[in-house]
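Quick mapping for you: the protein sequence lines, in order, are chains B and C.
First residue of the first sequence: 813, per the numbering used here; consecutive thereafter.
First residue of the second sequence: 813, per the numbering used here; consecutive thereafter.
To be clear, the hints were calculated from the coordinates, so they are not data collected in a lab.
Any given hint might turn out to be false.
[Unchecked claim] Sample of chain C residues at the chain B side, in silico, Cβ under 10 Å: (1) 822; (2) 839; (3) 841; (4) 842; (5) 844; (6) 846; (7) 848; (8) 859; (9) 930; (10) 931; (11) 958; (12) 1003; (13) 1004.
Built from N, CA and C at the ideal position, the CB exists for glycine as well.
Protein chains: 2
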Amino acid sequence: MKSLREHEKILPPAEIERRSFEIIEQELPHTLDPLQAPVIKRVIHTTADFSYVDSLCFSQGVIESARQAIREGSSIITDTNMVKAGINGERLSVYGGKVHCFMADEDVAVQARARGITRAAVSMEKSAMMGENYIYAIGNAPTALFRLYDLIAEEKVFPRLIIGVPVGFVHVVEAKELIMQAPVPYIVARGRKGGSNVAAAICNALLYGME
Amino acid sequence: MKSLREHEKILPPAEIERRSFEIIEQELPHTLDPLQAPVIKRVIHTTADFSYVDSLCFSQGVIESARQAIREGSSIITDTNMVKAGINGERLSVYGGKVHCFMADEDVAVQARARGITRAAVSMEKSAMMGENYIYAIGNAPTALFRLYDLIAEEKVFPRLIIGVPVGFVHVVEAKELIMQAPVPYIVARGRKGGSNVAAAICNALLYGME
């Protein structure tokens, strides 16, 4: 066994984060758009996966408009309790926003079972009945994106931002391509990769970059 | 815009999962150990990242001993509320176990600040005072693994399993190599990659594979 002394050189928490971002910057394959850079770098910080440098897609002006939405008190709807747990809710609440996840709600489960659709799709419908224009952070369910696409077309939701980063092998790639055609601001991880951790990291990067 | 009809061919939830695992099996670069396979495949399902096929390391007999621990009512200690949110707590509770995360506890924050160490390290010390032999699911903080290594050497904790899958650029690789030298059962994602989602997926794969 190694000597226990060896890991006494551990850096303090803030220094670990600073040094991590330094390493990420050194290893970036090319320079980034300065507005998008904090989002991309925080996703890499969360995944250790540099493929996000090229898979993350941003609609025109999305960083500014997303921060404006947060500043105006927008709340965030997520498709998993993991995304909800990962977002810095305290920082969001400074502006008046909250994080909601309807996935474990009894009414959502009942409807999903009755109609043979996902709880994620029903959750999006539930958000449409709340009468607010939300930020959507979707890290898991492509069906949430499909349902949002329809709800936008039907003018039942008016998202301030859609973070479309579900992960997976079935319907995921198509759902992300589709949502980029909707007339709303988006940040999407093209391809199969993404996840709850990625969705939360994007929200936090937007929050941490605000004055 | 695409026709809204196009995504009416969406598969029902159970079918999406079945089909996903089918695709994962088809794309595996080589055959897997049959006991480890469900864990590896669920991690890929959660990340869409096939590099875990070769980065996940298992101590001898860990799958059987981990399931035995769950069967005996072991609880799980996590280093983030995201891991806690991702574990199927209902399934765990069938055997009597619970999921604990001390990261947001006031006493943990106070001690961490006073001593200039991470809350994750203090959380591990807190678990040592609870008088139970836990499963540890570490998806974020290498300092949790460093502290666990010492607590094991000092015979203050006797983990039934350590899931060591923090992600990151500083101390992460070393912390994972170190914990594999401790005399306890482990599942570790070698290298930089991992995360809360990976930690939760490993717990769930262990749970879902139990009779």
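Right, here's what the structure says about each hint:
Nearest Cβ of chain B to the Cβ of residue 822 of chain C: about 6 Å, under the 10 Å cut. The hint holds. The closest approach between the C-beta of residue 839 of chain C and any C-beta of chain B is roughly 9 Å, which is under the 10 Å cut-off, so the hint is satisfied. Annotation: residue 841 of chain C was flagged as interfacial toward chain B, and the flag is violated, the nearest CB pair being 16 Å apart, outside 10 Å. Interface restraint check for residue 842 of chain C: the shortest CB-CB distance to chain B comes to about 19 Å, outside 10 Å, so the restraint is violated.
Annotation: interface hint on residue 844 of chain C violated; nearest CB of chain B at approximately 17 Å, more than 10 Å. Hint status for residue 846 of chain C relative to chain B: violated, with the closest Cβ pair at about 22 Å, above 10 Å. A hinted interface residue such as residue 848 of chain C counts as satisfied when its beta carbon comes closer than 10 Å to some beta carbon of chain B; here the least separation is about 20 Å, so the hint is violated. The criterion of a C-beta within 10 Å of any C-beta in chain B is met by residue 859 of chain C, whose closest approach is roughly 7 Å, and the hint holds.
Checking residue 930 of chain C against chain B by beta carbon gives a least distance of about 5 Å; that is within 10 Å, so the hint holds. The beta carbon of residue 931 of chain C is positioned within 10 Å of a beta carbon in chain B (closest approach about 8 Å), and the interface hint is therefore held. With a cut of 10 Å, the hint placing residue 958 of chain C at the interface with chain B holds, because the nearest CB-to-CB distance is about 5 Å. A hinted interface residue such as residue 1003 of chain C counts as satisfied when its beta carbon comes closer than 10 Å to some beta carbon of chain B; here the least separation is about 8 Å, so the hint holds.
Of the supplied interface hints, the one on residue 1004 of chain C holds, with its beta-carbon coming within about 4 Å of a beta-carbon of chain B, less than 10 Å.
Checked against the numbered hints above, the structure breaks hints 3, 4, 5, 6, 7 and satisfies the rest.
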